[in-house]
Structures are given as C-alpha cells and as structure tokens.
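Engineer: Residue-level listing of the chains:
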Amino acid sequence: MKEFGPEPFPVTLHINGKEHALQIEPRTTLADALRIQLNMTGTKISCDRGVCSSCTVLLDRMPVNSCMTLALDAVGHQITTIEGISANEQIHPVQAAFVRHDAMQCGFCTPGMVISCVSLLEKNPHPTEADVRYAVSGNLCRCGTYPKVFAATLDAATQPASKA
Amino acid sequence: MATATTHSVADAILIAATDSSGAATKTVSMPIGVPGYTLHDEQRTVPATEPPVLPVNKDLDYIGKSPERWDGHAKVTGRARYTADVQLPGMLYARFVNASIPHARVLSIDTSAAERETQSVAVTRLQLEESRSWSRGSRFFQKEFSAAFDHSTEVYEALPVMAKILLAAVSFPS
Chain E
1 MKEFGPEPFP VTLHINGKEH ALQIEPRTTL ADALRIQLNM TGTKISCDRG VCSSCTVLLD
61 RMPVNSCMTL ALDAVGHQIT TIEGISANEQ IHPVQAAFVR HDAMQCGFCT PGMVISCVSL
121 LEKNPHPTEA DVRYAVSGNL CRCGTYPKVF AATLDAATQP ASKA
Chain F
165 MATATTHSVA DAILIAATDS SGAATKTVSM PIGVPGYTLH DEQRTVPATE PPVLPVNKDL
225 DYIGKSPERW DGHAKVTGRA RYTADVQLPG MLYARFVNAS IPHARVLSID TSAAERETQS
285 VAVTRLQLEE SRSWSRGSRF FQKEFSAAFD HSTEVYEALP VMAKILLAAV SFPS
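Chains as they are written, first to last, in the working numbering: chain E, 1 to 164; chain F, 165 to 338.
Quick caveat, the hints were computed from the structure, so don't treat them as lab data.
Every residue, glycine too, gets a C-beta built ideally from N, C-alpha and C.
It cannot be assumed that every hint is accurate.
[What the hints assert, rightly or not] Listed below are the simulated SDA-like cross-link pairs for lysine to any residue, each with C-alpha atoms no more than 20 Å apart in a straight line:
no. : chain 1 : residue 1 : chain 2 : residue 2
1   : E       : LYS148    : F       : PRO231
2   : E       : LYS148    : F       : LYS229
3   : F       : LYS229    : F       : GLY200
4   : E       : LYS148    : E       : GLN159
5   : E       : LYS123    : E       : ARG133
6   : F       : LYS229    : E       : ARG100
7   : F       : LYS190    : F       : VAL217
8   : E       : LYS148    : E       : CYS106
9   : F       : LYS229    : E       : GLN105
10  : F       : LYS190    : F       : ARG208
11  : E       : LYS18     : F       : ARG243
12  : E       : LYS148    : E       : ASP131
13  : E       : LYS148    : F       : ALA238
14  : E       : LYS148    : E       : ARG100
15  : E       : LYS18     : E       : ILE91
16  : E       : LYS148    : F       : TRP234
17  : E       : LYS18     : E       : ASP73
18  : E       : LYS148    : F       : SER230
19  : E       : LYS148    : F       : GLU232
20  : F       : LYS229    : E       : ASP102
21  : E       : LYS148    : F       : ASP235
22  : E       : LYS148    : F       : HIS237
23  : F       : LYS229    : E       : ALA151
24  : E       : LYS2      : E       : LEU72
25  : E       : LYS18     : E       : GLN37
26  : F       : LYS190    : F       : PRO215
27  : F       : LYS222    : F       : LEU203
28  : F       : LYS229    : E       : ALA96
29  : E       : LYS123    : E       : THR158
30  : E       : LYS148    : F       : ARG233
[What the hints assert, rightly or not] A few chain E residues that face chain F, going by a derived Cβ cut-off under 8 Å, partial list only:
no. : residue
31  : GLY42
32  : GLN95
33  : PHE98
Build out the structure end to end from the sequences listed, making use of the hints.
Structural biologist: So this is what it looks like as structure tokens:
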C-alpha cells in the first residue's frame with residue numbers, strides 16, 4: 001500500500017469535465033480542495049461534519065458530502081459541482097424551477113439542494129413528493145424552504161430534457 | 165373640516181367631488197369593486213393633480229404579483245458570493261481553547277505552549293463570566309484582541325465565579 005503525506009503532493013481531479021492539477025495534503029477534504037484551492041465556492045460548507053449536505057457534489061453522478069470525502073479519494077472519479085450543473089450558461093431545469101418557485105431564502109443550502117434534486121431526477125425522472133422528500137432528507141435548510149423545494153423539483157420533473 | 169389625510173380613500177374621493185373651493189378638478193372613469201364580482205367603471209371627479217387611475221389587478225406589472233428573487237439565479241448556480249467564500253491575503257485563523265471544567269475557579273492560565281507555536285501571531289487570554297450577556301462578552305473580546313495585537317499580555321484577575329476562558333492562538337495560513 002502506497003503511503004502519502006503529510007506533505008502536499010500532486011493529484012489530478014476531474015471536475016465538471018475538466019482536469020485540474022493541484023497540490024494537496026492527504027488530509028484535505030474534497031470540499032476544501034474545491035473551495036480553497038480551486039476557488040469554486042459554489043460548494044458550501046456549513047457543518048463540515050456530514051450533517052447538513054450543503055457541500056453535496058456528485059461523484060460519478062452519485063451525491064456525496066464533499067466535506068466527508070477526502071480529495072484523494074475523489075481522484076479517478078468524475079466530480080460534478082454546482083458550477084457544472086449549469087454548464088455553458090444554460091441553467092438546469094431544476095435550477096430554473098427553483099428560481100420560479102422561489103425555493104430559497106438565504107440560499108446557502110441551495111447548491112446542495114439543487115444537486116440532490118438533480119441526482120434524484122437522473123435516477124427517477126418521475127418522482128412522487130415522497131421521493132423528493134427522501135432525496136433532500138439529508139439537506140438541512142434553516143430558512144424552511146422545503147415545501148417550495150418539493151414543488152420546484154416536481155415541477156422540474158414535468159419539464160422536457162432534464163439532463164445536466 | 166378635518167384634513168384629507170384622516171379620511172378613508174372613499175371619503176377622499178367624496179371630498180374631491182364636492183370641492184367647491186375653486187381647485188381644479190377632473191372627472192375620470194375608474195374601475196371600482198372586486199374583480200370577478202362587482203367590478204365596474206364609475207365616473208368620479210378628482211383633483212386635477214390626481215395621478216392616473218391604476219388598471220385592474222391583472223393588468224398591473226408589480227402590484228399583486230410575486231416578483232422573482234433578484235439574486236435567485238446567482239444562488240441556484242452557486243455564483244452568489246457569501247462572506248465565507250471570500251479569501252483575502254493575510255487572513256488569520258483563530259483557535260479557541262475553552263476551560264475543560266465548567267463552574268470552576270480559575271487559578272492560573274498557562275499560554276506558554278501556544279506562544280511557543282512558531283506560526284502563532286498572537287496569544288490572548290480572555291475570561292467571560294458565563295452569566296453575562298454576549299454583548300458584554302464581545303466588548304471584552306474586542307478589547308482583548310486589540311490588546312493582543314499590541315503585544316500586551318495583561319491578564320484579567322481570575323474571577324471567582326463561573327468563568328470561561330478563551331485562549332486564542334492566531335496563525336497565518338501557510
């Protein structure tokens with residue numbers, strides 16, 4: 001087994017279809033690598049302990065808490081952040097529905113919420129409200145925007161071409 | 165006669181219609197009533213300076229409508245910048261060390277280990293009475309922090325009450 005660290009060493013992360021070469025310490029979480037080293041601050045950190053899901057990113061299209069994922073463990077996987085959900089200035093139907101339904105107040109949980117809902121629709125294009133509730137059950141929102149998140153996601157499911 | 169500001173809207177219209185003081189008036193047709201129930205047009209005489217009559221609700225652009233949140237697009241795309249997203253050169257990290265025993269009498273505070281830390285910029289000692297409000301605490305905090313950066317190591321007398329020690333070792337990010 002190869003040992004790393006504690007010094008930084010070079011890795012390549014595949015983020016939103018691009019390769020990013022960076023120097024990371026083995027202890028660096030994926031959330032910190034994204035936010036601090038790559039300045040991709042769309043991914044938020046609230047609790048930094050895997051409770052709130054505001055740091056949710058897709059790892060090979062699976063939603064994960066990036067604060068609970070070492071950047072090292074993400075090497076070799078396709079990472080999709082909130083910046084990658086709306087690639088080429090074209091916002092995702094889920095994002096459009098969030099704006100239409102005003103499914104946010106302060107907006108700090110919103111990137112994580114959007115990613116959870118995008119992931120749900122990729123797996124289940126015609127969810128029930130119970131499915132949406134389950135999909136965002138890990139996402140904490142202190143503003144209490146859940147009802148509008150459910151409505152927005154169900155609305156987005158009726159829109160054509162909900163592909164990232 | 166009372167001033168117009170104390171009257172209801174209906175009263176105000178009535179006053180305008182019966183105004184005999186010579187002020188210029190105009191007669192306009194305006195929609196009155198509840199849309200879908202009693203909505204109809206009526207002729208009313210109003211002061212000439214009265215702004216144009218508002219159209220019925222469905223023809224209004226903003227009143228009665230839910231406008232889109234102005235920063236909604238930025239928030240759903242992650243482009244909205246929050247305080248925690250800002251990185252400036254020379255930012256410091258603070259580390260707090262609290263008393264490990266609640267309701268204890270503080271006899272001494274040893275900060276030598278924090279001071280030996282090579283990356284440490286300043287070490288300060290702060291005691292808060294647990295019963296005091298946060299606002300009181302934050303004034304202590306500011307005073308202590310400014311003192312820390314003046315290289316003062318003054319320590320408050322240990323308070324013989326519930327005390328909470330905050331010890332901050334501040335270091336530059338590498």
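Engineer: Does each hint hold? Answer for all of them.
Structural biologist: How the hints compare with the structure:
For a cut-off of 20 Å, the pair hint linking LYS148/E to PRO231/F stands: about 15 Å separates their Cα positions. Taking the CA atoms of LYS148/E and LYS229/F, the gap is near 17 Å; set against the 20 Å cutoff, the hint holds. Straight-line distance between C-alpha atoms of LYS229/F and GLY200/F comes to about 18 Å, which keeps the hinted pair within the 20 Å bound. With a C-alpha separation of about 17 Å, the suggested pair LYS148/E and GLN159/E falls inside the 20 Å cut-off, and the hint holds.
A hinted pair counts as satisfied when its Cα atoms are at most 20 Å apart, and LYS123/E with ARG133/E qualifies at roughly 15 Å. For the given pair, LYS229/F sits about 13 Å from ARG100/E by alpha-carbon distance, which is consistent with the 20 Å threshold. At roughly 12 Å between alpha-carbon atoms, LYS190/F and VAL217/F fall within 20 Å of each other, so this suggested pair holds. Of the pairs offered as hints, the one joining LYS148/E and CYS106/E holds, with about 14 Å between alpha carbons and a cut-off of 20 Å not exceeded.
The hinted pair formed by LYS229/F and GLN105/E meets the criterion: a straight-line CA distance of about 18 Å does not exceed 20 Å. For the hint linking LYS190/F to ARG208/F, the alpha-carbon distance of about 8 Å falls within 20 Å, and the restraint holds. For the suggested pair LYS18/E and ARG243/F, the alpha carbons sit about 19 Å apart, so the restraint of at most 20 Å is met. Distance restraint check for LYS148/E and ASP131/E: the Cα-Cα separation of roughly 15 Å lies within the 20 Å cut-off, and the hinted pair is therefore satisfied.
Note on LYS148/E and ALA238/F: the hinted pairing holds, with a Cα-Cα distance of about 18 Å set against a maximum of 20 Å. Restraint check for LYS148/E and ARG100/E: satisfied, since their Cα atoms lie roughly 10 Å apart, inside the 20 Å limit. Between LYS18/E and ILE91/E the alpha-carbon distance is near 19 Å, which keeps this suggested pair within the 20 Å criterion. Between LYS148/E and TRP234/F the alpha-carbon distance is near 17 Å, which keeps this suggested pair within the 20 Å criterion.
With a CA separation close to 17 Å, the supplied pair LYS18/E and ASP73/E stays within the 20 Å bound. The straight-line distance between the Cα atoms of LYS148/E and SER230/F is roughly 14 Å, inside the 20 Å bound, and the hint therefore holds. A distance of roughly 14 Å separates the Cα atoms of LYS148/E and GLU232/F; the hinted pair therefore holds under the 20 Å criterion. Taking the CA atoms of LYS229/F and ASP102/E, the gap is near 13 Å; set against the 20 Å cutoff, the hint holds.
The straight-line distance between the Cα atoms of LYS148/E and ASP235/F is roughly 17 Å, inside the 20 Å bound, and the hint therefore holds. About 16 Å separates the Cα atoms of LYS148/E and HIS237/F, which keeps this hinted pair within 20 Å; it holds. Between LYS229/F and ALA151/E, the direct Cα distance comes to roughly 19 Å. Compliance with the 20 Å bound is thereby established for this hinted pair. Only pairs whose Cα atoms come within 20 Å are accepted, and LYS2/E paired with LEU72/E is accepted, the gap being roughly 12 Å.
A hinted pair counts as satisfied when its Cα atoms are at most 20 Å apart, and LYS18/E with GLN37/E qualifies at roughly 15 Å. Between LYS190/F and PRO215/F, the direct Cα distance comes to roughly 11 Å. Compliance with the 20 Å bound is thereby established for this hinted pair. Only pairs whose Cα atoms come within 20 Å are accepted, and LYS222/F paired with LEU203/F is accepted, the gap being roughly 13 Å. A threshold of 20 Å between alpha carbons decides the hint, and for LYS229/F with ALA96/E the separation of about 19 Å falls inside it, so the pair holds.
Proposed proximity of LYS123/E and THR158/E is supported: the alpha carbons are some 15 Å apart, at most 20 Å. Only pairs whose Cα atoms come within 20 Å are accepted, and LYS148/E paired with ARG233/F is accepted, the gap being roughly 14 Å. Because the closest C-beta pair between GLY42/E and chain F is about 2 Å apart, less than 8 Å, the hint holds. Nearest Cβ of chain F to the Cβ of GLN95/E: about 4 Å, under the 8 Å cut. The hint holds.
At its closest, the beta carbon of PHE98/E sits 5 Å from a beta carbon of chain F; the interface hint therefore holds under the 8 Å criterion.
Every hint, counting from the list given before, is met by this structure.
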